[in-house]
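Here are the chains, one letter per residue:
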Amino acid sequence: MNGVRTRFTVLQRLLHWLMAVCILAMLFIGVGMVSTVMPKYLTLVSIHKPLGIAILVLALFRLVVRIVYGAPSLPVDLPEPMKLAAHLSHYAFYVLMIGMPLLGWGMLSAAAYPVALFGGVHLPAILPQSDSLHTLFWDAHFYLAFAFFALILLHVAAALFHALIRRDGVFEAMAPVSTHDRVAPAE
Amino acid sequence: MLQPHRPPARSVFGSLVLIAVIVGAAAAAFAYTAGWFSPRRLTPDKMVDAFAPPAGAPLGHRKNHAKGICFTGIFEANGAGSTLSQAQVFTRGQYPALGRFNLATDNPNAPDATVRVRGLGLRISTPDGQQWRTAMIDAPFFAVSTPQAFYDLLLASASKDPNAMKTFAGAHPEIAAFGAWAKSARWTGSYAEERFNSLDSFIFVDNSGADHAVRWSLLPAAQPVSVSPDDLAKRGPDFLEQEITERVRGGPQRWTMVVSVANPGDPTADPSKAWPDDRRTVEVGTLTVQQIEAEVDGPCRDINFDPTVLPSGIRTSDDPFPAARSSAYAKSYDRRTAEAADYPRTTTGAKP
Numbered sequence: 001m002n003g004v005r006t007r008f009t010v011l012q013r014l015l016h017w018l019m020a021v022c023i024l025a026m027l028f029i030g031v032g033m034v035s036t037v038m039p040k041y042l043t044l045v046s047i048h049k050p051l052g053i054a055i056l057v058l059a060l061f062r063l064v065v066r067i068v069y070g071a072p073s074l075p076v077d078l079p080e081p082m083k084l085a086a087h088l089s090h091y092a093f094y095v096l097m098i099g100m101p102l103l104g105w106g107m108l109s110a111a112a113y114p115v116a117l118f119g120g121v122h123l124p125a126i127l128p129q130s131d132s133l134h135t136l137f138w139d140a141h142f143y144l145a146f147a148f149f150a151l152i153l154l155h156v157a158a159a160l161f162h163a164l165i166r167r168d169g170v171f172e173a174m175a176p177v178s179t180h181d182r183v184a185p186a187e
Numbered sequence: 188m189l190q191p192h193r194p195p196a197r198s199v200f201g202s203l204v205l206i207a208v209i210v211g212a213a214a215a216a217f218a219y220t221a222g223w224f225s226p227r228r229l230t231p232d233k234m235v236d237a238f239a240p241p242a243g244a245p246l247g248h249r250k251n252h253a254k255g256i257c258f259t260g261i262f263e264a265n266g267a268g269s270t271l272s273q274a275q276v277f278t279r280g281q282y283p284a285l286g287r288f289n290l291a292t293d294n295p296n297a298p299d300a301t302v303r304v305r306g307l308g309l310r311i312s313t314p315d316g317q318q319w320r321t322a323m324i325d326a327p328f329f330a331v332s333t334p335q336a337f338y339d340l341l342l343a344s345a346s347k348d349p350n351a352m353k354t355f356a357g358a359h360p361e362i363a364a365f366g367a368w369a370k371s372a373r374w375t376g377s378y379a380e381e382r383f384n385s386l387d388s389f390i391f392v393d394n395s396g397a398d399h400a401v402r403w404s405l406l407p408a409a410q411p412v413s414v415s416p417d418d419l420a421k422r423g424p425d426f427l428e429q430e431i432t433e434r435v436r437g438g439p440q441r442w443t444m445v446v447s448v449a450n451p452g453d454p455t456a457d458p459s460k461a462w463p464d465d466r467r468t469v470e471v472g473t474l475t476v477q478q479i480e481a482e483v484d485g486p487c488r489d490i491n492f493d494p495t496v497l498p499s500g501i502r503t504s505d506d507p508f509p510a511a512r513s514s515a516y517a518k519s520y521d522r523r524t525a526e527a528a529d530y531p532r533t534t535t536g537a538k539p
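For the protein sequence lines, the chains are A and B, in the order given.
113 is the number that this note's numbering gives to position 113 of the first sequence; each next residue is one higher, with no gaps.
Throughout, this note's numbering is defined as the position within the second sequence, counted from one, plus 187.
A portion of the hints provided could be inaccurate.
[As the list claims (entries may be wrong)] Covered stretches of chain B (in silico footprint by chain A; criterion: 3 or more residues with CB under 8 Å from a CB of chain A, positions within the stretch not fixed):
1. 205-212
2. 230-240
3. 427-440
4. 509-519
[Said to hold, decoys possible] For lysine-lysine, the following BS3-like pairs were computed, each having C-alpha atoms within a straight-line distance of at most 27 Å:
5. A:LYS40 / B:LYS460
6. B:LYS233 / A:LYS49
7. B:LYS518 / A:LYS49
8. B:LYS353 / B:LYS370
9. A:LYS40 / B:LYS233
10. B:LYS518 / A:LYS40
The set of hints was computed from the structure by calculation and includes no laboratory data.
Built from N, CA and C at the ideal position, the CB exists for glycine as well.
Work out the full structure: start from the sequences and follow the hints.
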């Protein structure tokens, strides 16, 4: 297909859906683990830390891919406020995908906790030990997690709005598989 | 470009309902996971709240074991522990140790003679970048069998209902042994004369990958001298801190670390049940306390002696307490570091 791309590249779609699963798992694990004293607490924490680092690595890679390949343009008839919301939400997603793992890593560093991944592999501290920095990073990590989930809900609602109501190809641009039969190409 | 195909109005309404249902269900699942629909779930917040005295928890301090003093020193491994665990901390050598002597009370100003249970938090660091953190007490076994029972115990002991403790003891008969220990156990005049016990069971993994269920203790080199609580009360409210400071100034104090290995079938999941005395023990090294520092500016102040911070070669067992302690200690840590302004450091040159 030449000319203007109507869909994200295969790599971008793969990254989107892989990270969608990771991030949703991450947020559910996060709110679940801080709400229990049962042994599953340790299991959840031991997933939360390496998964967070995995998301950080994926997000940085995805940012590079996005800069290289860009994104399909939004429909010309999409109202300006919706276009603005779409663009801002993408910035917010990248800030959160990269920022949340760094906040978590920083929070553990400021508390002098070892940042344990798998099998004795540790990451270095990225902050000096500090009660004030710990509190700042902990608060940010905690409250932004809820903001992140709210943004995802908004994103899902917007995607479904495009898919079911506007039927303007925006959903299809990131759909995991081609849903060509539902969108008629222009003559 | 793609040409939009606008659906009829009725289908738009149906789609909006569908979107609302999907988003609502996701939000509800999230809220359920967070425990917002489960008021009976035992959360770390509830656990930490249960320690608070009626007047509220003292700000800036640990929410339990609130009174304490820092120490630094060396853990010298003799190499014998390597038969049980591949952790570097058991390889013959010297490793820096940081710790905290403490009292099991919610009051950082409690008179020392009024607190029955004494504790020791310890962090040993090894060159491979790993750490072994442990928090031990002088009781030979724990008061109750499960974290939920411990929470219920905290509620019962704070309850105004005169029968609350009786009801609790009826439901948790294991508390009787702890009560008997608290009544009859010797009181000493020094942290240096105390034996400290992990109580919880952990799994050591040796070089062949085999598991060994263990508990550990620190046995004092100093000879314990029994002193009555009345006599201790006359020594002043902070005699333990003054005594250990003087004592260590006069010379380092030592404890032998002894690992007890469970026999098959020993209760690993229940720290209220001591293992029989004839279990195999291995002396793995010596803790030498070389310097004492007040907590307010000391190096232990902002360390969470989370018993689940373990090097590879040690992991948690089926004992449910380390997980509960880890989550509750983290909550206590989050709160007290946020309250640091209420427990100000005394030297401006202290670590940030």
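Outcome of the hint check:
1. For the stretch 205-212 of chain B, the proposed coverage by chain A is satisfied: 4 residues have a C-beta within less than 8 Å of a C-beta in that chain, meeting the threshold of three.
2. Evaluation of the coverage hint for the stretch 230-240 of chain B: fulfilled, as 3 residues show C-beta separations to chain A shorter than 8 Å, against a requirement of three.
3. Counting residues of the stretch 427-440 of chain B whose C-beta lies closer than 8 Å to any C-beta of chain A gives 0; at least three are required, and the coverage claim is violated.
4. Proximity of the stretch 509-519 of chain B to chain A, defined as three or more residues with a beta carbon under 8 Å from a beta carbon of that chain, is established by the 6 residues found.
5. Taken as a hint, the LYS40 of chain A and LYS460 of chain B pair is honoured in the structure, with Cα atoms around 23 Å apart against an allowance of 27 Å.
6. About 24 Å separates the Cα atoms of LYS233 of chain B and LYS49 of chain A, which keeps this hinted pair within 27 Å; it holds.
7. Proposed proximity of LYS518 of chain B and LYS49 of chain A is supported: the alpha carbons are some 17 Å apart, at most 27 Å.
8. This hinted pair checks out: LYS353 of chain B and LYS370 of chain B have alpha carbons roughly 17 Å apart, not beyond 27 Å.
9. Restraint check: the Cα-Cα separation between LYS40 of chain A and LYS233 of chain B comes to about 17 Å, which is no more than 27 Å; the hinted pair holds.
10. Between LYS518 of chain B and LYS40 of chain A the CA atoms are separated by roughly 16 Å; this keeps the pair inside 27 Å, and the hint holds.
In the structure shown, a violation is registered for the earlier hint numbered 3 alone.
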